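Chemist: Here is how the chains run, residue by residue.
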Amino acid sequence: MNRFRTLTTALLLAALISTAPAASWTGSVHNVTDGSSWWIHRQSGTMKLNISSSVEGEIAPIAVTPAGRVLSPHYSGMADLDANDVRLQERTAALEGTYSSEEQISLKAEAEASVNRTYSKPAGSNVWTITLEENWPVALNASRTVDYVGKNINDRDRAGNSGDSVGASFLYNKELSRERNVALRLERLNATVIATNDTIISVDVFPTRSTVYYITSHSTGIADLRYRQLDSRGDLINLGEERYSGTYDITRKVEMESVYTNDTDEKDWLSCCVGGCSDLDPCEIASWGEVGVFDCACS
Amino acid sequence: MTDSYDVADSVGVSGRSTASFGDGFSMTDSQSLSGSGDANVEQVLYGSGWGADYVVNYALETVGASSIEGSGSSTQTPVAGSISRSASTTGSWETVSELWGVQGGDVAGVGSYAFWADISTTQSFAVGQSVAATQNVNAEGFYAVAFGGAMDNDGNWAETYADMWLGSMGSTQTARTGNSASASQDTTIEAVDGWTWTDAMDATGNWAGTYAGIEYGSLVTDQEAEAGNSAFASQYSEIEAEYGEAGSEAEDDEGNWAETYVELEDGNLVTDQGAEADDGAGAGQYSEIEAEYGWAWSKAEDSEGNEARTEVEMLDGNGEGNLATDQEAEAGNSAFAGQISLVEGEEGWARTWAEDSGGNEAWTDIDMQNGTVLTFQAAGAGNGVGAGQLTLVDAELGEAESYAEDSEGNHVDIFAAVVDGSLETWQWAEATNSAEGYQETEIEGDLAYAFCEANNTNNNYFAYVDNWVNGSAHLEFEGEASVNDSEARAHQVSHAEGDRIWPWANSTNNNDENDTAGSHDFESWAWTNGTGEYADVELII
Numbered sequence: 000m001n002r003f004r005t006l007t008t009a010l011l012l013a014a015l016i017s018t019a020p021a022a023s024w025t026g027s028v029h030n031v032t033d034g035s036s037w038w039i040h041r042q043s044g045t046m047k048l049n050i051s052s053s054v055e056g057e058i059a060p061i062a063v064t065p066a067g068r069v070l071s072p073h074y075s076g077m078a079d080l081d082a083n084d085v086r087l088q089e090r091t092a093a094l095e096g097t098y099s100s101e102e103q104i105s106l107k108a109e110a111e112a113s114v115n116r117t118y119s120k121p122a123g124s125n126v127w128t129i130t131l132e133e134n135w136p137v138a139l140n141a142s143r144t145v146d147y148v149g150k151n152i153n154d155r156d157r158a159g160n161s162g163d164s165v166g167a168s169f170l171y172n173k174e175l176s177r178e179r180n181v182a183l184r185l186e187r188l189n190a191t192v193i194a195t196n197d198t199i200i201s202v203d204v205f206p207t208r209s210t211v212y213y214i215t216s217h218s219t220g221i222a223d224l225r226y227r228q229l230d231s232r233g234d235l236i237n238l239g240e241e242r243y244s245g246t247y248d249i250t251r252k253v254e255m256e257s258v259y260t261n262d263t264d265e266k267d268w269l270s271c272c273v274g275g276c277s278d279l280d281p282c283e284i285a286s287w288g289e290v291g292v293f294d295c296a297c298s
Numbered sequence: 000m001t002d003s004y005d006v007a008d009s010v011g012v013s014g015r016s017t018a019s020f021g022d023g024f025s026m027t028d029s030q031s032l033s034g035s036g037d038a039n040v041e042q043v044l045y046g047s048g049w050g051a052d053y054v055v056n057y058a059l060e061t062v063g064a065s066s067i068e069g070s071g072s073s074t075q076t077p078v079a080g081s082i083s084r085s086a087s088t089t090g091s092w093e094t095v096s097e098l099w100g101v102q103g104g105d106v107a108g109v110g111s112y113a114f115w116a117d118i119s120t121t122q123s124f125a126v127g128q129s130v131a132a133t134q135n136v137n138a139e140g141f142y143a144v145a146f147g148g149a150m151d152n153d154g155n156w157a158e159t160y161a162d163m164w165l166g167s168m169g170s171t172q173t174a175r176t177g178n179s180a181s182a183s184q185d186t187t188i189e190a191v192d193g194w195t196w197t198d199a200m201d202a203t204g205n206w207a208g209t210y211a212g213i214e215y216g217s218l219v220t221d222q223e224a225e226a227g228n229s230a231f232a233s234q235y236s237e238i239e240a241e242y243g244e245a246g247s248e249a250e251d252d253e254g255n256w257a258e259t260y261v262e263l264e265d266g267n268l269v270t271d272q273g274a275e276a277d278d279g280a281g282a283g284q285y286s287e288i289e290a291e292y293g294w295a296w297s298k299a300e301d302s303e304g305n306e307a308r309t310e311v312e313m314l315d316g317n318g319e320g321n322l323a324t325d326q327e328a329e330a331g332n333s334a335f336a337g338q339i340s341l342v343e344g345e346e347g348w349a350r351t352w353a354e355d356s357g358g359n360e361a362w363t364d365i366d367m368q369n370g371t372v373l374t375f376q377a378a379g380a381g382n383g384v385g386a387g388q389l390t391l392v393d394a395e396l397g398e399a400e401s402y403a404e405d406s407e408g409n410h411v412d413i414f415a416a417v418v419d420g421s422l423e424t425w426q427w428a429e430a431t432n433s434a435e436g437y438q439e440t441e442i443e444g445d446l447a448y449a450f451c452e453a454n455n456t457n458n459n460y461f462a463y464v465d466n467w468v469n470g471s472a473h474l475e476f477e478g479e480a481s482v483n484d485s486e487a488r489a490h491q492v493s494h495a496e497g498d499r500i501w502p503w504a505n506s507t508n509n510n511d512e513n514d515t516a517g518s519h520d521f522e523s524w525a526w527t528n529g530t531g532e533y534a535d536v537e538l539i540i
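Chains A and B supply the protein sequences, listed in that same order.
Here the first sequence stands for residues 0 to 298, numbered as in numbering that gives the first Met the number 0.
Here the second sequence stands for residues 0 to 540, numbered as in numbering that gives the first Met the number 0.
Hints in this document: simulated from the structure, not taken from any laboratory.
For clarity, every value in this text was computed on a predicted model and none was experimentally measured.
Watch out, some of these pointers could steer you wrong.
For the chain B half of the interface with chain A, some residues (derived, Cβ under 10 Å), not all of them [what the hints assert, rightly or not]:
1. T1
2. S3
3. R15
4. S16
5. F20
6. S33
7. S35
8. L314
9. S406
10. E407
11. V418
Note that CB positions come from ideal geometry on N, CA and C, so glycine has one too.
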């Protein structure tokens with residue numbers, strides 16, 4: 000039938016793949032005209048995790064054989080938690096010394112709500128709107144204290160939430176005392192893909208989330224603190240990195256929140272294309288970052 | 000699930016899909032399409048897990064439509080799914096809509112196609128315990144096709160098809176596989192040309208099919224076919240057309256073949272057919288025709304070359320004809336063809352014919368002009384061929400004949416005729432290594448004539464007996480003839496009334512006759528063999 004075509008048009012593919020046992024889904028859009036594509040994969044579950052621990056002791060050499068073979072004194076610990084891109088990573092390694100810590104972790108995730116995909120293209124337009132909607136909430140609370148005096152301790156952590164992250168690394172400390180509290184919330188995720196028959200114009204992923212990271216510390220080595228916050232297109236909008244070498248007392252609280260309504264696009268982007276940008280605040284649309292594809296003069 | 004769209008700007012599209020993870024995992028989908036122009040849509044559903052993987056494909060393509068409307072929905076779990084899609088186009092250059100799927104090697108699907116035709120189609124597909132596809136198609140315009148098919152993982156398959164040229168068509172079709180395969184259709188066509196068929200073949204090679212077609216008229220047909228450990232096809236038809244035909248065929252995995260066929264010109268036709276193939280083949284037909292011309296036949300041929308056929312033909316220039324037939328054909332280790340016929344018309348013919356693999360043949364024949372024929376015919380072939388008829392003729396001219404010839408050329412001929420009257424005859428003839436025939440006939444008319452003849456052409460052995468009655472004739476005739484390598488023999492007993500009664504008896508060289516009038520009983524003998532010959536007509540009373 001192609002021989003009767005007078006126009007060469009594009010093929011747009013939108014897929015929704017989901018599996019029950021792992022509670023995961025994948026959404027993708029592929030434009031065969033220019034080969035542009037986008038996809039997202041999400042995985043979660045309906046689960047709870049509660050951990051509390053208390054440790055106090057001496058990191059000391061111990062004899063492991065009657066002949067007197069001695070095991071080098073050390074402590075190491077790690078934790079990796081990941082539920083629907085809500086993450087907590089911890090790494091600790093310490094040599095001979097006095098070590099005590101207390102930790103509580105509470106994780107709750109739900110992945111029972113339906114995942115919805117919509118797509119539409121109005122007659123008379125070549126612009127497609129594809130949306131994905133997920134309501135798989137995650138709540139992660141974690142508190143941890145560490146007190147150490149000894150040869151050396153490295154203690155690192157990172158809290159991540161849908162691309163946002165906050166963390167601290169304490170390296171080469173002979174004395175370290177720190178208290179850290181993390182509260183991560185993920186409410187839902189919406190994604191909107193705008194495409195034409197020629198290409199994918201924009202992809203916005205809107206996870207409604209909040210990240211709270213509080214730390215107070217006394218360290219004698221290196222203290223690295225950092226945070227990062229992304230916008231709906233995965234572009235970096237806020238970043239902070241600090242390094243402290245020496246003896247410091249640090250108190251830091253980071254709160255990041257991104258709230259998106261289910262209306263994935265509050266702007267009349269089509270009028271931008273059709274009518275220009277005169278009625279829009281350039282600053283307001285600046286965050287779109289892809290203004291050029293709308294063939295607008297404003298940027 | 001994946002969705003692929005290649006549509007013109009003038010086409011609007013919307014869709015919504017939901018994946019549910021709560022009480023059992025499932026996905027649902029709904030979508031719509033509207034506008035005009037070109038559209039190419041493909042959708043695929045995948046199931047997975049627990050050994051029940053399946054794939055369902057939907058494709059819609061239209062070119063240059065002045066309007067497109069489409070909608071659909073689906074529900075699926077990892078082990079089962081169902082999908083329905085509706086699409087209608089007007090003013091399109093071409094429109095194709097297909098829905099098919101596979102699970103565990105079982106495949107089923109339906110499709111429709113329109114070329115310069117408006118088409119509306121609703122298709123659905125279900126996969127789970129079995130794989131099934133259905134569609135309802137309505138089309139009007141230049142050309143349209145609807146088809147469905149199914150094949151199971153054992154190799155059983157069934158398919159159904161309908162097309163139309165310059166007219167309209169409505170068809171509901173189903174294709175299903177599970178432990179077997181089946182296909183069916185319920186179709187109405189009103190067109191310059193319409194054609195439908197359904198067939199099935201099982202995994203061992205048994206095949207059965209049925210078909211019907213028309214030109215310049217209408218066709219209603221309800222067909223189905225199934226293949227399992229055997230194959231089966233059936234059909235109910237109504238045809239009203241200038242030309243129509245319908246048939247059924249069956250062939251088993253050993254090569255036995257059976258077939259029925261009927262056609263007409265300018266009239267009506269009702270047919271109820273069937274075909275089977277298993278360890279043998281079978282075909283059947285019930286027909287009714289009212290037309291200027293009608294023709295119906297049955298044929299059976301077994302794998303050893305034995306063949307049998309019956310046929311009936313009717314011609315009526317006044318357009319008031321009729322033909323009713325009940326046919327069947329079988330083929331196994333032998334062949335058989337049968338027929339119950341009723342013909343009313345200006346001219347009518349009915350024939351049976353059988354020939355075995357050894358070269359023996361037998362046939363019956365009926366000719367009629369301006370009247371009515373009612374006949375029950377049969378034919379067989381195998382270890383001996385035979386043909387027989389029980390016939391009633393009421394006509395200006397009627398003839399009934401049975402003939403058998405063995406492989407050596409020995410033959411018998413049994414004949415009865417009437418002019419302006421009625422003829423009732425029971426005849427049969429058969430041939431193995433010899434040939435013999437029989438008739439019991441009653442004739443009433445202006446002219447009555449019946450004979451029995453035996454002929455060994457190689458040895459010139461001949462035997463013939465008859466009775467010929469003219470003028471207010473009444474003839475009751477019972478006779479037989481037989482021939483083999485050593486002798487030809489004929490005999491008759493008759494009662495005749497008429498203005499002139501003129502029975503004959505002939506051997507190769509002898510002749511005897513009696514020329515009289517009134518009312519008389521006769522007995523005649525004739526024979527020829529290697530030692531002598533004899534011909535004699537006796538006036539009993």
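Chemist: Next step is simple, just say for each hint if it's right about the structure.
Modeler: Hints versus structure:
| no. | hint | in the structure |
| --- | --- | --- |
| 1 | T1 | 4 Å, holds |
| 2 | S3 | 5 Å, holds |
| 3 | R15 | 5 Å, holds |
| 4 | S16 | 4 Å, holds |
| 5 | F20 | 5 Å, holds |
| 6 | S33 | 7 Å, holds |
| 7 | S35 | 8 Å, holds |
| 8 | L314 | 47 Å, violated |
| 9 | S406 | 60 Å, violated |
| 10 | E407 | 65 Å, violated |
| 11 | V418 | 66 Å, violated |
Going through the hint list in order, the structure does not satisfy hints 8, 9, 10, 11.
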